Amino acid sequence: MSEWVKSERQAERERVRAARARRSASIATISTVVFIVLVVWVITQSPGWPRVKETFFDGEQLVEALPDVLNGFLLNIKIFLIAEPLILVVGLLVALARGITTPAFFPIRALATLYTDVFRGVPTILVIYLIGFGLPALRLQGIPSDLATLGIIALTLSYGAYVAEVFRSGIESIHPSQVAAARSLGLSHVKTMRFVVLPQATRRVVPPLLNDFVSLQKDTALVATIGPLEALRQAQIHAASTFNYTPYLVAALLFILLTIPMARFTDHLAARTRRRRGA
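Reading the sequence shown from the start, the letters are residues 1 to 279 in UniProt numbering.
Hints were generated in silico from the structure; no laboratory data involved.
Just so we're clear, the structure is a prediction, and the values are computed from it rather than from any experiment.
It is possible that part of the hints are untrue.
Computed cross-link-like contacts, SDA-like style, restricted to lysine to any residue with a CA-CA straight-line distance of at most 25 Å [said to hold, decoys possible]:
1) 191 with 101
2) 78 with 143
3) 191 with 181
4) 191 with 106
5) 78 with 260
6) 78 with 191
7) 218 with 237
8) 218 with 206
9) 191 with 113
10) 218 with 118
11) 191 with 104
12) 53 with 252
13) 191 with 54
14) 53 with 181
15) 78 with 181
Model the full structure from these sequences, guided by the hints.
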């Protein structure tokens, strides 16, 4: 059996595509560098730059605030890691509840719909206030008093409503013929959802779910409004004592270092999904 060899025309097309790719990369790099240099020059030449530099880019304040802000940022990560799986569970259960068509379970479906409508309509910061100050005020036995725990509950309730709609859109994107085929093979409704619908729906909604979790990582800073010493709160303490806003910049950079890789990973998964669908 002879070995396959590229034709001269195909090899030429590949060389042309590679040359175009190199040229495009070079142009993009040069234009990016020129743009960054231009922006930096405009900012540094502005009349108020010395004051901005002193207020937001003080190296001494950065070194002083970094340990406390970094320690607070670890709490942000902890809140995120605990809230994320809880949100997935709540979102999936609510999505499944909204898909129930049996008349006897109408109250469950109505409650799931009411939950998504309410918590998607109320700003997350208000949910954190209501949970953080409202639950302890009830003085019921078993209500947590830890502020970070209350923040996790609030974020779970708020983001669970959004994730529920993401899961529901994924479930409804599965063609009804697949459900009919599974039922014709003798699978129950529960097994059809478990083995046929949910695996496909979950793969389809991974990119939008990751987008929600990028937003969740940023919104963990909102928990500072009820008092936990996370990154934003630590930055506020330093800024209040020194009247210098460099600690806020430190907190912002920490969030950026975490969210940008997640955002790029989301873009990668979205692009891979488009390629699989032939888009």
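Hints, verified against the model:
| no. | hint | verdict |
| --- | --- | --- |
| 1 | 191 with 101 | 16 Å, holds |
| 2 | 78 with 143 | 20 Å, holds |
| 3 | 191 with 181 | 12 Å, holds |
| 4 | 191 with 106 | 21 Å, holds |
| 5 | 78 with 260 | 18 Å, holds |
| 6 | 78 with 191 | 35 Å, violated |
| 7 | 218 with 237 | 19 Å, holds |
| 8 | 218 with 206 | 19 Å, holds |
| 9 | 191 with 113 | 24 Å, holds |
| 10 | 218 with 118 | 22 Å, holds |
| 11 | 191 with 104 | 20 Å, holds |
| 12 | 53 with 252 | 16 Å, holds |
| 13 | 191 with 54 | 63 Å, violated |
| 14 | 53 with 181 | 66 Å, violated |
| 15 | 78 with 181 | 43 Å, violated |
In the structure shown, a violation is registered for the earlier hints numbered 6, 13, 14 and 15, in ascending order.
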